[in-house]
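Number of protein chains: 2
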Amino acid sequence: MTEMSTPGGVGKRASRPKTAKAAATIYDIAELAGVNPSTVSRALSKPGRVSAKTQQKIMDAAEELNYQVNIFARALPTGRTQTVGLIVSDITNPAFFDIIRGAETAASARNYTLMLAESTESADHELTAARRMLTTVDALILASPRLADEDIQQLAAKKPVVVTNRRVDGVGSVVADTEAGVADAVRHLADMGHKSIAYVAGPERSWMSTRRWETIKARCEWHGIAVSTVASGAPTVEGGRHAAAAVRGGAATAVFCYNDLMAIGLMRELQSAGIRIPAELSILGFDNIFGSDFTTPPLSTIKSPLHELGVAALTMVLDESSGEAVQGSGSTLSTELILRGSTGAVPEA
Amino acid sequence: MTEMSTPGGVGKRASRPKTAKAAATIYDIAELAGVNPSTVSRALSKPGRVSAKTQQKIMDAAEELNYQVNIFARALPTGRTQTVGLIVSDITNPAFFDIIRGAETAASARNYTLMLAESTESADHELTAARRMLTTVDALILASPRLADEDIQQLAAKKPVVVTNRRVDGVGSVVADTEAGVADAVRHLADMGHKSIAYVAGPERSWMSTRRWETIKARCEWHGIAVSTVASGAPTVEGGRHAAAAVRGGAATAVFCYNDLMAIGLMRELQSAGIRIPAELSILGFDNIFGSDFTTPPLSTIKSPLHELGVAALTMVLDESSGEAVQGSGSTLSTELILRGSTGAVPEA
DNA sequence: TTGTACGCGTTATCAG
DNA sequence: CTGATAACGCGTACAA
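Those protein sequence lines, which keep their order, are chains A and B.
Everything in the first sequence is counted per numbering that gives the first Met the number 0, starting at 0 for the first residue and increasing by one.
Everything in the second sequence is counted per numbering that gives the first Met the number 0, starting at 0 for the first residue and increasing by one.
Hints are supplied without guarantee of correctness; some may be wrong.
Any copy, or any two copies together, can satisfy a pair, since identical chains are not distinguished.
[What the hints assert, rightly or not] When the alpha-carbon atoms are kept at most 35 angstroms apart in a straight line, the in silico DSBU-like pairs for lysine-lysine are as follows:
(1) LYS216 / LYS194
(2) LYS52 / LYS302
(3) LYS157 / LYS52
(4) LYS302 / LYS157
(5) LYS194 / LYS56
(6) LYS56 / LYS157
(7) LYS157 / LYS194
(8) LYS45 / LYS216
(9) LYS45 / LYS194
(10) LYS157 / LYS45
(11) LYS194 / LYS302
(12) LYS216 / LYS157
(13) LYS52 / LYS194
(14) LYS56 / LYS45
(15) LYS52 / LYS216
(16) LYS45 / LYS302
(17) LYS56 / LYS302
Since the hints were derived computationally from the structure, they do not count as laboratory data.
The structure displayed is predicted, hence computed values, not measured ones.
With the hints as extra help, turn the sequences into a complete structure.
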């Protein structure tokens with residue numbers, strides 16, 4: 000408890016001292032260095048435009064005064080703010096956390112800061128948040144947006160925009176390719192003797208959900224396995240639980256869920272109804288989120304490179320912002336099958 | 000796949016159209032409404048200072064022009080930016096999920112946006128991030144900071160600062176009181192016959208870790224139960240695993256871990272060594288994070304009101320920012336024991 | 001109630 | 001290479 004300084008606790012205290020002298024400006028530096036403010040500006044923003052001597056004097060003065068650019072003043076003439084916005088649909092969904100972290104790390108490394116907003120799974124909120132942010136940030140990342148293509152394109156017409164896990168014509172995007180992971184997964188299931196597979200879908204408007212379904216269907220057909228889809232719900236643990244009844248009613252011996260959250264919910268609901276996983280049913284999720292290996296049995300899943308997704312999105316959107324990249328380019332990262340305990344051989348008839 | 004517009008994919012596309020006419024300013028509105036720009040400014044910032052008629056004309060014009068304040072231009076004269084910073088030590092720690100969300104929700108409701116940064120458990124990074132943010136935001140929230148008191152106080156001398164789960168003299172704080180939850184937990188353990196309890200500590204510099212330890216110790220002494228502490232480590236699943244050896248070496252029949260992450264790691268490591276939980280050892284965590292009920296057995300834990308913590312921190316820091324609250328006030332939220340499967344009766348000697 | 005004029009800290013465009 | 005000066009968009013004393 001060494002960090003608790005005053006025994007009494009949290010008493011009142013004089014308000015913010017005036018002693019915090021107003022932050023130094025380029026004028027202060029100019030005066031101290033004996034040059035013109037505009038020279039200071041040049042020295043600080045684009046080194047090389049002033050003589051080495053002056054440059055040094057200015058740097059010293061800046062150091063001494065503990066100078067920090069006022070990004071707002073800078074933003075006025077330039078329009079650039081050194082911030083990038085990130086909008087996610089659900090902050091508490093662990094799948095987004097590595098994306099956020101990836102983006103934050105990459106931003107920080109480039110001396111940008113991240114502005115975060117949440118759309119709470121609502122297209123309206125998303126659009127509002129996006130518009131508000133757009134006036135402030137240099138670039139915007141939309142993580143698995145629920146917006147219509149036109150809205151996104153409209154946004155992208157004003158500032159660099161990159162979407163993750165979705166493709167929108169003319170807009171930069173970074174997506175985790177389901178192909179590799181799903182191919183491995185279906186092959187594995189086929190090897191284990193499964194003949195009928197189901198897919199528990201995600202939100203209606205999720206590009207990624209239909210993408211995953213298409214891929215699964217294609218691979219299953221290739222292997223001559225029957226496929227079906229079951230009623231979609233919220234992409235949450237609760238949503239997964241709701242799907243349990245439909246899954247039990249079907250003939251599938253293995254089921255893919257739109258994401259790990261749903262897979263976990265489904266598994267737990269089934270288990271509490273006495274069904275043994277994977278003995279009686281195999282379950283697979285997508286993403287490999289935190290906690291997906293905590294369950295019993297641990298969840299088999301198709302891992303998305305979440306962190307890399309965040310890094311890539313930020314990199315792309317900033318490159319675009321600085322004109323280094325083509326607007327509307329697309330990047331694809333690969334997925335990977337993680338076999339754990341929730342998948343097994345088809346049950347004996 | 001309805002959202003995929005162009006079959007070909009992501010081809011090139013003309014660069015950002017110039018048609019995106021420069022954003023409307025109050026001058027544009029003034030012209031359209033036939034008034035002076037300063038009147039527009041007044042109408043938009045503090046309604047009531049202009050006649051209802053003019054007000055209406057201005058609102059209409061603003062609407063028509065799709066006007067959005069330029070917060071940077073506004074920030075220059077006022078110094079206020081409508082943003083608040085939030086620094087967490089580890090974005091991927093689920094314990095912060097709900098804090099972040101609480102803060103974001105509350106911020107959004109007050110028309111503020113959240114700027115997020117991560118310190119990656121390093122006091123240096125934290126200070127750097129904090130300083131950088133401080134020039135930009137109206138107020139700053141430090142979630143479980145690793146900084147020294149003096150650094151935090153210095154920060155707080157410049158802008159409103161609130162810390163969570165820590166007390167710093169003269170600085171606003173919101174903490175989850177461990178008292179209630181721990182009291183219940185220890186009583187429960189006592190009822191179950193436990194006579195020796197251990198605490199797996201968190202990071203050395205964590206105020207909350209020593210706080211939890213003090214509370215546990217006090218309650219155990221009250222019940223006449225022996226207490227000990229075991230080597231601390233990183234507050235992660237991995238850190239919990241590392242503590243397994245020390246825990247096995249001790250005499251405790253029940254152990255509290257600094258947080259759920261560690262508790263989960265400890266439990267899994269022990270289980271893989273063949274120890275049955277809770278038959279041979281009872282385990283308790285703190286926080287009740289996402290996933291803590293996924294384990295087998297599900298983790299008993301002392302729940303922190305994470306979301307409320309985030310809301311309270313944001314509310315307090317903004318109140319302070321607008322002069323409504325005393326700087327350095329403290330708020331305490333209660334904790335609650337969640338009994339699940341990882342705790343049970345003391346093993347038969 | 002409304003208009004005038006100036007300042008906020010920086011960058012950019014000119015001269016010199 | 002450097003200095004003066006005009007924006008950038010908005011808030012706000014002050015005057016009308």
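Now the hints, each set against the structure:
1. LYS216 / LYS194: within (13 angstroms within a copy, 58 angstroms between copies)
2. LYS52 / LYS302: Result: close neither inside a copy nor across copies, 54 angstroms intra and 60 angstroms inter.
3. LYS157 / LYS52: between (41 angstroms within a copy, 33 angstroms between copies)
4. LYS302 / LYS157: Answer is within; shortest intra-copy Cα gap is 34 angstroms, inter-copy 45 angstroms.
5. LYS194 / LYS56: Neither. Shortest intra-copy (76 angstroms) and inter-copy (69 angstroms) distances fail the 35 angstroms Cα cut-off.
6. LYS56 / LYS157: Only across copies: LYS56 and LYS157 sit 28 angstroms apart there, 40 angstroms inside one copy, limit 35 angstroms.
7. LYS157 / LYS194: neither (50 angstroms within a copy, 66 angstroms between copies)
8. LYS45 / LYS216: Intra 55 angstroms, inter 58 angstroms, cutoff 35 angstroms: neither.
9. LYS45 / LYS194: neither (65 angstroms within a copy, 68 angstroms between copies)
10. LYS157 / LYS45: both (26 angstroms within a copy, 29 angstroms between copies)
11. LYS194 / LYS302: So LYS194 and LYS302 pass the 35 angstroms test inside one copy only (24 angstroms; across, 44 angstroms).
12. LYS216 / LYS157: Neither way: LYS216 and LYS157 sit 38 angstroms apart in one copy and 59 angstroms across, limit 35 angstroms.
13. LYS52 / LYS194: neither (77 angstroms within a copy, 73 angstroms between copies)
14. LYS56 / LYS45: Classified as within: same-chain Cα gap 15 angstroms, cross-chain 45 angstroms, threshold 35 angstroms.
15. LYS52 / LYS216: neither (68 angstroms within a copy, 62 angstroms between copies)
16. LYS45 / LYS302: neither (43 angstroms within a copy, 52 angstroms between copies)
17. LYS56 / LYS302: neither (53 angstroms within a copy, 56 angstroms between copies)
Checked against the numbered hints listed earlier, the structure breaks hints 2, 5, 7, 8, 9, 12, 13, 15, 16, 17; every other hint is satisfied.
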